[in-house]
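Chemist: For the sequence shown, the numbering used here gives the first residue as 88, with consecutive numbering after it.
Don't take each hint at face value.
Claimed, not checked - Below, simulated DMTMM-like cross-link-like pairs (lysine to aspartate or glutamate); rule was C-alpha separation at most 25 Å, straight line:
1. 173 x 198
2. 323 x 313
3. 281 x 176
4. 275 x 176
5. 290 x 263
6. 323 x 261
7. 96 x 199
8. 281 x 94
9. 96 x 176
10. 281 x 238
11. 96 x 159
12. 281 x 233
13. 96 x 263
14. 96 x 261
15. 275 x 94
16. 275 x 327
No lab work stands behind these hints: they were computed from the structure.
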Amino acid sequence: MSFRSMDLKKYITIRYNTAAGFKPSQWNGKGPVNLDPVWLVERLRLFDNYCAASLEAQSLRDFTVLIALDADTHENYVRAVCNCVKGIEVRPVLVEAGHDHGARFNAFVQDDTDAGFVSLTRLDSDDALAPTFVERIDHLARREIEKGAVDEQPLYITFPHGQNFDTATGRYTDHEYAMSAFGTLVEKRSPAMKGVYSDHHQKMAARYNTIIAPSRDAQWCIVVHDNNAANVLRGKPVAEPSFTVGRSVAEPRELVRQQKPPQANRSTGIASRTAGNFVRFLSGRPLKLRK
88 MSFRSMDLKK
98 YITIRYNTAA
108 GFKPSQWNGK
118 GPVNLDPVWL
128 VERLRLFDNY
138 CAASLEAQSL
148 RDFTVLIALD
158 ADTHENYVRA
168 VCNCVKGIEV
178 RPVLVEAGHD
188 HGARFNAFVQ
198 DDTDAGFVSL
208 TRLDSDDALA
218 PTFVERIDHL
228 ARREIEKGAV
238 DEQPLYITFP
248 HGQNFDTATG
258 RYTDHEYAMS
268 AFGTLVEKRS
278 PAMKGVYSDH
288 HQKMAARYNT
298 IIAPSRDAQW
308 CIVVHDNNAA
318 NVLRGKPVAE
328 PSFTVGRSVA
338 EPRELVRQQK
348 PPQANRSTGI
358 ASRTAGNFVR
368 FLSGRPLKLR
378 K
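Turn these sequences into a full structure, and let the hints steer you where they fit.
Modeler: This is the structure:
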């Protein structure tokens, strides 16, 4: 059976808070870390400000965002996460304890589309994509599908040119990382599909045909912030980044209700580090945010 090159469905896949071995730098060590109220409040703010904003800014918007969340996450929180991204289809993928989020993404895709080919892109919930990212993926994927390069084996696409942004200082750095976590796997849609989480991102090029696509401008941005112990500012400092991240002051986004929340401190851009914010969230009241 032959598939038309236009028969391609694109997904951005985000592992939001499924159970994993991570530990945020600031955590009291009690309960499941991926359901910790303080972490969830802070992550919602990061996701909305950086990740969701970059998805809304894509020059090509014909993609679906799949967000994997722990099945025990409160339904109000799941709803708010999905509502952060405006104008783009967002679908939650609930993952039960002990189940694999990559397999759940693959299963969801089987029921969601009848496209002959699909592309799945990895994106962390606190990072950002350049406005041209999806457009470039679409071009490369369709070109290789037309050539027949995806008929027998999945194709992995990665952009080596990216950047970092330090939320504490507002500094950007230019970051070259060929096997970054922002890779895309293009393959025939089938129950046997591998999926972009089939291996660690640093090992994907060893498993699949790979395009390491050069670009003058950065195509992704790692956001370095104070509650992610794994993040370290890397690369060469730059005065002018390829693109800026974060919502502008002129476009505030309320995460629970469309009304202005009380402001305790204008010096930072993170949610108040209190479990009370989680209670406010679940009761439908606006979070107390520090701008």
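Chemist: Determine for every hint whether it applies to the structure shown.
Modeler: Right, here's what the structure says about each hint:
no., hint, in the structure
1, 173 x 198, "holds (23 Å)"
2, 323 x 313, "holds (20 Å)"
3, 281 x 176, "holds (23 Å)"
4, 275 x 176, "holds (22 Å)"
5, 290 x 263, "holds (17 Å)"
6, 323 x 261, "holds (5 Å)"
7, 96 x 199, "holds (10 Å)"
8, 281 x 94, "holds (19 Å)"
9, 96 x 176, "holds (12 Å)"
10, 281 x 238, "holds (14 Å)"
11, 96 x 159, "violated (29 Å)"
12, 281 x 233, "holds (21 Å)"
13, 96 x 263, "violated (28 Å)"
14, 96 x 261, "violated (31 Å)"
15, 275 x 94, "holds (10 Å)"
16, 275 x 327, "violated (39 Å)"
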